[in-house]
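2 protein chains.
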Amino acid sequence: MRWIRFTAPGAAESWGIEEGGRIREVRGSPFDGHGPTGRTHALAEVRIEVPFVPRTFYAAGLNYVAHIREHGDPAAIPSKPDIGYRAVNALIAHDAPVVIPSDATKVQYEGELAVVIGRKARHLSEADALSCVLGYTIGNDVSERVWQRADRTLWRAKNTDTFKPMGPWIETDFDLEAARTTVRLNGAVTTEFATNDMLFGVRRFIAAMTRYLTLHPGDVVWMGTDGTSPDLKPGDVVEVEISGIGTLRSPFVAEAA
Amino acid sequence: MRWIRFTAPGAAESWGIEEGGRIREVRGSPFDGHGPTGRTHALAEVRIEVPFVPRTFYAAGLNYVAHIREHGDPAAIPSKPDIGYRAVNALIAHDAPVVIPSDATKVQYEGELAVVIGRKARHLSEADALSCVLGYTIGNDVSERVWQRADRTLWRAKNTDTFKPMGPWIETDFDLEAARTTVRLNGAVTTEFATNDMLFGVRRFIAAMTRYLTLHPGDVVWMGTDGTSPDLKPGDVVEVEISGIGTLRSPFVAEAA
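Heads up: the sequence lines are chains D and C, in that order. Per this note's numbering, residue 3 is the first one in the first sequence, and the count goes up by one each step. Per this note's numbering, residue 3 is the first one in the second sequence, and the count goes up by one each step.
No wet-lab data here; the hints were simulated from the structure. Computed from a prediction, not measured in an experiment: that's the story for all the values here. Please note that the accuracy of each hint is not assured.
Intra- or inter-copy, both count: the list cannot distinguish identical chains.
[What the hints assert, rightly or not] No more than 25 Å apart at the CA atoms, straight line, and that leaves these computed lysine to aspartate or glutamate pairs for DMTMM-like:
1) Lys82 with Glu257
2) Lys82 with Asp105
3) Lys82 with Asp163
4) Lys122 with Asp97
5) Lys122 with Glu257
6) Lys122 with Asp163
7) Lys122 with Asp177
8) Lys122 with Asp105
9) Lys235 with Asp153
10) Lys108 with Glu243
Extracted from the complex, chain D is given alone in its bound form (with noise of 0.2 Å):
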């Protein structure tokens, strides 16, 4: 099942369920309940919204061997599953513009699994972990590298405003055994890799973060991501296709001057 957050030409966001180009509208939210309002839209017609202001916005970092090696010390392969955060102020939607700050230099993109959180969770195994999963989407950990080895913190390399789109909606039924995730930079193929190839998969996360923390309905997990990017430049469209969700297209701009 697919579960969407739009907004109809004339109405307010709203949440509905998406099947075979058409959304059947529901009061309340997959979080806390629902019900059909009666109304019925065409995917065409709508705007596509975030799906949901995380709560607690995690995002696992280094997680794909090819990524760490690439990026990080090759010698510093994570030995057990540290959870890092994101910031909310970052998130847009599906089809919104990334802004590119005037003084970024090095603008790359990671397309990443995000596990959506449907229940309250604490001391789950590893045999029960994906008993609190509603679903899954997808991010674009969009980073500026030059920031992110000069700073002390990923604050603007990770969190500038833009820099996370997420989206375009959270599926339920997805075999992340089969997925590939599939990053395409003005329609060419630019980045490829098995999305359950990860260091620590989601139940190893899942059960080592519930030791310490509770997690909360509308808590999201981003997976990391494998590979590398070229520099983005403004212009370009990136889009991460994960086989079993769907597309998440984003077009890269300028900052205004």
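Dock chain C against chain D, hints included.
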């Protein structure tokens, strides 16, 4: 003016304005507009709640020189204000217990000024920076130092459930220049410093942050701490007082077996 979030006996959580031990209850919130309900309560008879769940929970980290010398690389005093993050799962209210996990061995306090953002802001100058501030509260950035050194991120060192006491209320009339932060362990003063003796002040951080990101109502920025803490154990009570705001008290307890 003091904004307080509280639960009166038999009632739902509410916002109110505290003065002289009495709370005037309001509908709405200090972030979205409010009006009096006509009900009043004795401060002594309500439970004080976490003032608010921040939309984004910013934290300055290393921002006082004596603390950096003790805990960081003394040569690595930050050259610019790079903001960090904490996580809302860890928030607890005034007088709520901090639970020390069974495998934690070196838990310490950090008494901090917390700046509460009241309106949306981008591109603020240092001169205008305080225009987005609603008021000030107090945070205790409880930290497990072994995990802080061993893990790749601060996730469990700083964000284990209950490790982020915040409160007891938001004070809108606050003289930062005159304020002193005093931390008491079991009634005895163990740390004391001038609250504004920061490497980078509130104006400097807000101006730097809003060059790249939008602050939103309900964001919070914890400003870091000075000095050092003894190691805490179950049974300890820590009070963080900031003159002109109030006192945030936290009993420490052991994790249940």
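Verification of the hints:
1. Lys82 with Glu257: Answer is between; shortest inter-copy Cα gap is 23 Å, intra-copy 38 Å.
2. Lys82 with Asp105: This pair counts as between: shortest inter-copy Cα distance 16 Å, intra-copy 35 Å.
3. Lys82 with Asp163: Between. Shortest inter-copy distance 20 Å satisfies the 25 Å Cα cut-off; intra-copy 30 Å does not.
4. Lys122 with Asp97: between (31 Å within a copy, 24 Å between copies)
5. Lys122 with Glu257: Answer is between: at 19 Å across copies they meet the 25 Å cutoff, but 39 Å inside does not.
6. Lys122 with Asp163: Answer is between: at 13 Å across copies they meet the 25 Å cutoff, but 29 Å inside does not.
7. Lys122 with Asp177: Classified as within: same-chain Cα gap 23 Å, cross-chain 40 Å, threshold 25 Å.
8. Lys122 with Asp105: between (41 Å within a copy, 23 Å between copies)
9. Lys235 with Asp153: within (22 Å within a copy, 35 Å between copies)
10. Lys108 with Glu243: within (23 Å within a copy, 44 Å between copies)
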